[in-house]
Amino acid sequence: MTTVTDFGIDFSTIGPVVGARFPEVTLPDQDGTLVQLHQARGGRRALVVFHRSASW
Amino acid sequence: MLHDFATRYGITYTLLSDGGSKVISALGLLNTQVYDHHAAYGIPKQERVWGVPYPGVFVLDAQGCVVQKRFQQSYRERETGVGLLEQGFGVASSEHGTAVYGQAAGVQVRAYLDSDTYRFFQRLWLTVELTIAPGLHVYGQPMPAGYAPLSIDIAPVAGLVVGPPQWPTPHPLHIAGLPEQFYVYEGTITVVLPVTLTAEADDQTLQVTVRYQTCSSTECFVPCALHLPLPVQAADHIERPRRR
Numbered sequence: 001m002t003t004v005t006d007f008g009i010d011f012s013t014i015g016p017v018v019g020a021r022f023p024e025v026t027l028p029d030q031d032g033t034l035v036q037l038h039q040a041r042g043g044r045r046a047l048v049v050f051h052r053s054a055s056w
Numbered sequence: 001m002l003h004d005f006a007t008r009y010g011i012t013y014t015l016l017s018d019g020g021s022k023v024i025s026a027l028g029l030l031n032t033q034v035y036d037h038h039a040a041y042g043i044p045k046q047e048r049v050w051g052v053p054y055p056g057v058f059v060l061d062a063q064g065c066v067v068q069k070r071f072q073q074s075y076r077e078r079e080t081g082v083g084l085l086e087q088g089f090g091v092a093s094s095e096h097g098t099a100v101y102g103q104a105a106g107v108q109v110r111a112y113l114d115s116d117t118y119r120f121f122q123r124l125w126l127t128v129e130l131t132i133a134p135g136l137h138v139y140g141q142p143m144p145a146g147y148a149p150l151s152i153d154i155a156p157v158a159g160l161v162v163g164p165p166q167w168p169t170p171h172p173l174h175i176a177g178l179p180e181q182f183y184v185y186e187g188t189i190t191v192v193l194p195v196t197l198t199a200e201a202d203d204q205t206l207q208v209t210v211r212y213q214t215c216s217s218t219e220c221f222v223p224c225a226l227h228l229p230l231p232v233q234a235a236d237h238i239e240r241p242r243r244r
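Protein chains in written order, with this note's numbering: chain A, 1 to 56; chain B, 1 to 244.
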């Protein structure tokens with residue numbers, strides 16, 4: 001993959017690996033309602049984005 | 001904070017808050033190098049930046065298994081929503097930036113970015129679509145010396161980083177009487193390339209040049225260059241006053 005900055009990090013072993021089931025995650029959403037990731041997917045595909053912050 | 005953020009930007013998908021970075025730590029995604037990365041950009045250490053994840057995306061299938069991971073090396077880098085859909089899911093988005101058009105030597109060219117706006121260090125995808133008239137072809141690579149293969153260039157702008165184009169696979173063509181092996185494109189083809197603006201700048205116009213040579217089985221047009229100006233607005237400039 002193209003990257004503008006290369007710090008030499010190998011992400012293949014960081015976090016859940018390709019082929020594994022993504023762990024269940026339960027966190028509050030923007031309305032304060034607890035969301036269980038896999039239940040919320042409802043059997044659909046999903047894009048799970050990790051972003052640093054809503055403030056910077 | 002997430003509620004206000006979602007309201008301000010019209011976000012309707014689920015935003016999850018990981019207070020105390022517990023989940024990202026458990027998943028092994030806590031960015032333990034964020035201070036070093038800040039330093040690499042020449043930014044003094046700020047403790048408030050600790051606790052962020054490495055920036056990345058998981059694509060899950062219907063069973064919840066990871067089918068793709070896309071991570072960025074730097075907390076600064078990010079993709080557009082359209083880029084994630086198209087590169088992550090392989091789903092063509094109905095929304096793109098405004099297209100510009102050109103036409104020469106039997107080829108129509110349409111070019112557009114993911115978005116009409118850009119953010120600092122955001123990766124945009126430039127899409128260039130060529131529609132080649134029936135009976136004609138343009139040359140791909142590899143290419144014998146002396147011929148002009150399809151190429152796409154963007155004129156340098158301060159801070160502009162252009163990644164390698166993703167070329168479709170050309171098909172081999174042998175022309176009777178010529179010893180060389182050619183690889184050509186016919187019909188409609190699409191080339192995409194990643195574009196990142198790493199300088200905090202104002203609105204820009206990217207000057208895209210598409211070069212190619214069109215031939216039929218019996219004759220060739222002279223090689224041509226289409227110049228396509230693609231304006232892109234600085235989103236930060238729209239959303240808040242410039243950081244000076």
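Everything labelled a hint here was simulated from the structure, so no lab data went into it.
Just so it is clear, CB atoms sit at the ideal spot from N, CA and C, and this is done for glycine as well.
Honestly, I wouldn't trust all of these hints.
[To be verified] The following label-pair restraints were derived from C-beta to C-beta distances:
hint, chain 1, residue 1, chain 2, residue 2, range
1, A, 51, B, 166, 40 to 48 angstroms
2, A, 21, B, 131, 37 to 45 angstroms
3, B, 43, A, 12, 44 to 52 angstroms
4, B, 42, A, 11, 38 to 46 angstroms
5, B, 200, A, 21, 18 to 26 angstroms
6, B, 207, A, 11, 42 to 50 angstroms
7, A, 9, B, 19, 22 to 30 angstroms
8, A, 56, B, 166, 44 to 52 angstroms
9, B, 190, A, 21, 15 to 23 angstroms
10, A, 11, B, 22, 19 to 27 angstroms
11, A, 28, B, 225, 51 to 59 angstroms
12, B, 200, A, 23, 31 to 39 angstroms
Outcome of the hint check:
At roughly 25 angstroms, the beta-carbon separation of residue 51/A and residue 166/B lies outside the given 40 to 48 angstroms, and the hint is violated. The beta-carbon spacing between residue 21/A and residue 131/B, approximately 43 angstroms, falls within the hinted interval of 37 to 45 angstroms. Distance hint check for residue 43/B and residue 12/A: the Cβ-Cβ separation is about 28 angstroms, which falls outside the suggested range of 44 to 52 angstroms. Between residue 42/B and residue 11/A the beta carbon distance is about 25 angstroms. The supplied range of 38 to 46 angstroms is therefore violated.
In this structure the supplied range 18 to 26 angstroms is violated for residue 200/B paired with residue 21/A, their Cβ-Cβ distance being about 41 angstroms. Take residue 207/B and residue 11/A: their Cβ atoms lie about 34 angstroms apart, and the range 42 to 50 angstroms is violated. For residue 9/A paired with residue 19/B, a C-beta distance near 25 angstroms keeps the hint of 22 to 30 angstroms intact. Separation of residue 56/A from residue 166/B is about 32 angstroms and departs from the stated range, judged on CB atoms against 44 to 52 angstroms.
In this structure the supplied range 15 to 23 angstroms is violated for residue 190/B paired with residue 21/A, their Cβ-Cβ distance being about 34 angstroms. Here the CB-CB span from residue 11/A to residue 22/B is close to 21 angstroms, well matched to the stated 19 to 27 angstroms. Residue 28/A and residue 225/B have their C-beta atoms about 54 angstroms apart, which keeps the hinted 51 to 59 angstroms range intact. At about 37 angstroms, the CB distance of residue 200/B to residue 23/A agrees with the hint of 31 to 39 angstroms.
In summary, the structure is inconsistent with hints 1, 3, 4, 5, 6, 8, 9 from the numbered list given earlier, while agreeing with the others.
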